[in-house]
Amino acid sequence: MNSAVTHREGKLERFSYDDQIVRLFIIATLIWGVVAMLLGVTIAFQLADWHVNLGVPWLTFGRLRPLHTNAAIFAFCGNAIFAGIYYSHQRLLKARLFNDTLSKVHFWGWQFIIILAAITLPLGITTGKEYAELEWPIDILITVIWVVFAVNFFGTIIRRRERHIYVAIWFYIATILTVAVLHIINSLEIPVSMTKSYSIYAGVQDALVQWWYGHNAVAFFLTTPFLGLMYYFVPKAANRPVYSYRLSIIHFWSLVFIYIWAGPHHLLYTTLPEWVQTLGMVFSIALWMPSWGGMINGLLTLRGVWDKVRTDPVLKFMALALTFYGMATFEGPLLSIKSVSAIAHFTDWIPGHVHAGTIGWNYLLIAAIMYYMVPRLWNSKIYSLRLANIQFWTATIGLVLYIVSMWVAGISQSLMWRAMDASGKLVYPNFIETVIKIVPMYWVRAIGGTLVLTSLIIMVYNLYKTAKAGSISSEPVLEAYALDDSSLEPGASAHRKLEGWPMIFAVLSLVAILVGSAIEIVPAVLSKSFIVKMDVVKPYTPLELMGRDIYIREGCYLCHSQTVRPMAHEVLRYGKASEAAEFVYDHPFQWGSKRTGPDLARVGQKYPNMWHYRHMYDPREVTAGSIMPNYKWLFTDKADYQSIMKKMNVMKTLGVPYTQEEIAGSLAAAKAQALVIKDDLVAAGVPQAILDKEIIPLIAYLQRIGVDYGKSEVQP
Amino acid sequence: MKQAALSHFNLPWLPITGLIIFVVCFTLYTYWTYKKENKAVYEQASMLPLEEAKSERRN
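Chains as they are written, first to last, in the working numbering: chain A, 88 to 803; chain B, 3 to 61.
Hint data in this document are derived by calculation from the structure and do not stem from the laboratory.
From the three backbone atoms N, C-alpha and C, an ideal C-beta is built for every residue, glycine too.
Since no wrong hints were added, every one of them can be taken at face value.
The calculated label-pair distances, taken between Cβ atoms and stated as ranges, are: (1) B/V26 x A/A556: 50 to 60 Å; (2) B/E45 x A/S471: 33 to 43 Å; (3) A/W588 x B/K37: 11 to 21 Å; (4) B/E45 x A/I424: 33 to 43 Å; (5) B/I18 x A/A759: 51 to 61 Å.
In silico lysine-lysine, DSBU-like type, Cα no more than 30 Å apart, as pairs: (6) A/K323 x B/K37; (7) A/K693 x A/K512; (8) A/K725 x A/K693; (9) A/K395 x B/K41; (10) A/K512 x A/K524; (11) B/K41 x A/K323; (12) A/K681 x A/K524; (13) A/K798 x A/K681; (14) A/K681 x A/K620; (15) A/K323 x B/K38.
Working from the sequences, and respecting the hints, build out all of it.
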C-alpha cells in the first residue's frame with residue numbers, strides 16, 4: 088500500500104479467512120438482539136402499567152432491567168462487535184484469525200456467559216452495580232474469555248501480511264485493553280458464597296469506580312469498537328476511502344485520552360469531591376471535539392455517493408447511525424454541564440439520551456454492517472430492499488417516539504420536582520403527583536420501543552431469507568505477500584513507525600487511558616482524607632445487612648436513589664443533603680441513577696413499620712397511583728439467617744468495624760431485632776408467622792437508611 | 003463538605019500534570035500526522051479497506 092514500497096518481492100503466501108466464526112457471531116447477534124429488545128419493551132410496559140410485572144419475582148422490573156441492559160450491551164452489541172471485528176480484522180491484515188480453536192472458545196464461551204446472565208439476573212443474583220451486575224464467578228469467566236479474544240486478536244496482528252495497522256484496528260486495540268482494565272478494577276469483590284459477593288469499595292469510592300466503569304463501558308464497548316467498524320465498513324460500502332485519514336488519527340488519540348476522564352459527570356452534585364466533578368465535566372465538554380470529528384469524518388466519506396444513500400440499505404443505515412451518533416454525542420456533553428445535569432439527572436431524559444446512542448448509533452450501525460456482511464458471507468443478495476426500507480422507517484419513527492417522550496417526561500418531572508411557590512414551599516410535595524403526570528409518556532415510550540423491536544424482527548426475517556437463498560461455499564484461497572523487509576518504509580517518521588509496532592502502540596494506548604484513570608481514581612480510592620468521619624454513623628446491624636441484600640436483589644436502586652443533592656428543593660422534599668461520611672459502610676453504594684420513585688436517603692424512620700409492610704405488599708394501599716410492583720413473595724419466602732455470620736466476616740475484612748463478639752452473636756442479634764419489628768407489626772394486626780419472612784429484614788434496612796446522620800444534630 | 007474536600011485534597015499538581023500530558027501529546031501527534039511529507043503515506047493508508055487480498059499480487 089505504501090508508495091515507498093511499490094515493489095515487494097517477498098514470499099507469496101496462500102491463506103483463507105475464517106468466515107464461519109463471523110457467521111456464528113452474526114446469528115448470535117440477531118438472536119440476542121431480539122431477546123434484548125423484547126426485554127426492553129417488556130420493562131417499558133411495566134413502567135406504563137405495573138400489572139405487567141405479573142406478580143412473579145423473576146419477571147419484575149427490578150430483575151429484568153439489568154438483564155435488558157446486559158443483553159443489549161454485551162449480548163446484542165457484543166456479538167455484533169465480535170462479528171464485525173473478526174470480519175474486518177482478517178481483511179485489513181490479510182491474515183486468517185490466529186487460532187480456530189480460540190475463535191470457537193471465544194464464541195461458545197461468550198454465549199455461555201450470556202446464558203448464565205439470563206439465568207442469574209432474574210433469580211436476583213446480582214452485585215447491585217449498574218451494568219456490572221454479574222456475580223464473581225461470571226466475572227472471572229468474562230475475564231478468561233476476554234483474554235482468549237485478546238490472544239486471538241493480537242496473534243492475528245503478529246501473523247499479518249500488511250505492515251500498516253489501519254485506524255479501525257487501533258480502535259479495536261483500545262477497546263480490548265480498556266475493557267479489560269475497567270472490568271477487572273470495577274469487579275474487585277470478596278465472595279460470601281458462589282452467588283454473593285461484596286464490592287471492595289464503599290460509598291463515594293465505589294460510586295467513582297462504578298461510574299468510571301459505567302461511563303467507559305459506554306465509551307469502550309459501545310463507541311470505540313463501533314467507530315472502528317465505521318472506519319472499515321463505511322469506506323467499503325461507499326467504495327471510497329475515509330474522508331480524512333489524518334483526522335481519524337487525531338480522532339483516535341483524542342477520544343481515547345479524553346473519554347476516560349468523563350465518568351464523574353454521572354455524579355454531579357453528589358458527595359464526590361468537587362474537583363473530580365469539575366474535571367469530569369470539563370473533559371466531557373472536551374469530548375465534543377473528537378466525537379464530532381469522527382462523526383463528520385464518517386459522514387463526509389459518503390460525499391459523492393449521496394444518491395446511493397437513498398437506495399442502498401447499508402449506506403442508508405450508516406448515514407442515519409452517524410447522524411444519531413452526532414446527536415447523542417452532542418447531548419452527552421450538554422448533559423454533563425452541571426447546571427443542565429441539575430435538571431436532567433435522575434429523570435427520564437437520561438434513558439432517552441442513552442437510547443439515542445444504543446438504538447440510534449449501535450443498532451442502526453449493526454443493521455448496516457449486517458446488510459453488508461450477510462449477502463457476502465452467504466453468497467447471496469439482500470432478499471428484500473423494500474423490507475429493509477420498512478425496517479429503516481419503523482426503527483426511525485420508533486426511536487423518535489422514544490427519545491421525544493423521554494425528553495418531555497424528564498424535563499416535565501424535573502420542573503415539577505423543583506417547583507416552589509412564593510412562600511418557599513414545594514408545589515408538588517407528593518412525589519407520586521410527578522409520576523402520574525408522566526405515565527402517558529411511558530406509554531409513548533413503550534409504543535416507540537415496540538416499533539424498534541418490530542424493525543429488528545423485520546431485519547432478522549430479511550437476513551434469514553437472504554442467507555437461505557444463498558449458499559456457503561468452501562473458503563476461497565487468497566494470496567498475499569509475507570511481511571518481510573520488503574514492506575519496510577525507509578525514512579518513515581516516528582509516529583509512522585509506531586503504527587507498524589502493534590505492541591508498543593497497544594502499550595501507548597493503555598498509557599493514554601491509564602493517565603486519566605490514575606489521576607481521577609487513585610487519589611480518591613487510596614486517600615480517604617477528604618471524607619470527614621462522623622462518629623454518629625455506625626455499621627448496619629446483622630438484620631439490616633440482610634435487608635440490604637434483599638434491597639439489592641430486588642433491584643430497588645434502579646428506581647430509587649439514595650443521595651440527596653445540596654439543592655433547596657431536594658432538601659425540602661427529602662431532608663438534609665447527603666454527606667460522604669454516611670456511606671463509608673456501603674459495600675456496594677446504592678445511590679442509583681434514576682428516580683422513578685422518590686429518593687430513599689432519608690426514608691429511615693419516616694414511616695411506621697406497618698407503612699412499609701403495606702407498601703411492599705401492595706404499594707397502592709398507601710400511595711394511590713403508584714407504579715411500583717407488588718412484592719408479595721417477601722411475605723412468604725423465609726429470610727436467610729444462616730449466612731449472616733459469613734457476610735459480617737466479609738464486611739469486617741473490607742474494613743467495617745464489627746467486633747468478633749458482634750459477629751459471633753450476629754444470628755441472635757438479628758433474630759432479636761426481627762422479634763421487635765414482628766411484635767410491632769403483630770400489634771397492628773399482622774399474623775405471627777411473619778417473623779421469619781424476608782419482609783422483616785427489609786423493613787429493618789429501610790428504617791435504618793440515612794438515620795445516623797439524617798436524624799442527628801450534626802450539621803454540615 | 004465541598005470546601006472540606008478541597009482543603010483536604012493536597013495533590014493539586016495531579017490534574018495539572020494530566021492537562022500538560024494531554025496538551026504535549028496532542029501537539030506531538032497532530033504535528034506528526036499533519037506533516038506534509040506524511041500526506042501521501044496516509045492517503046495510501048486510507049485505501050487499505052478497499053484492497054482485497056486477491057489483488058495483492060504486485061511487481
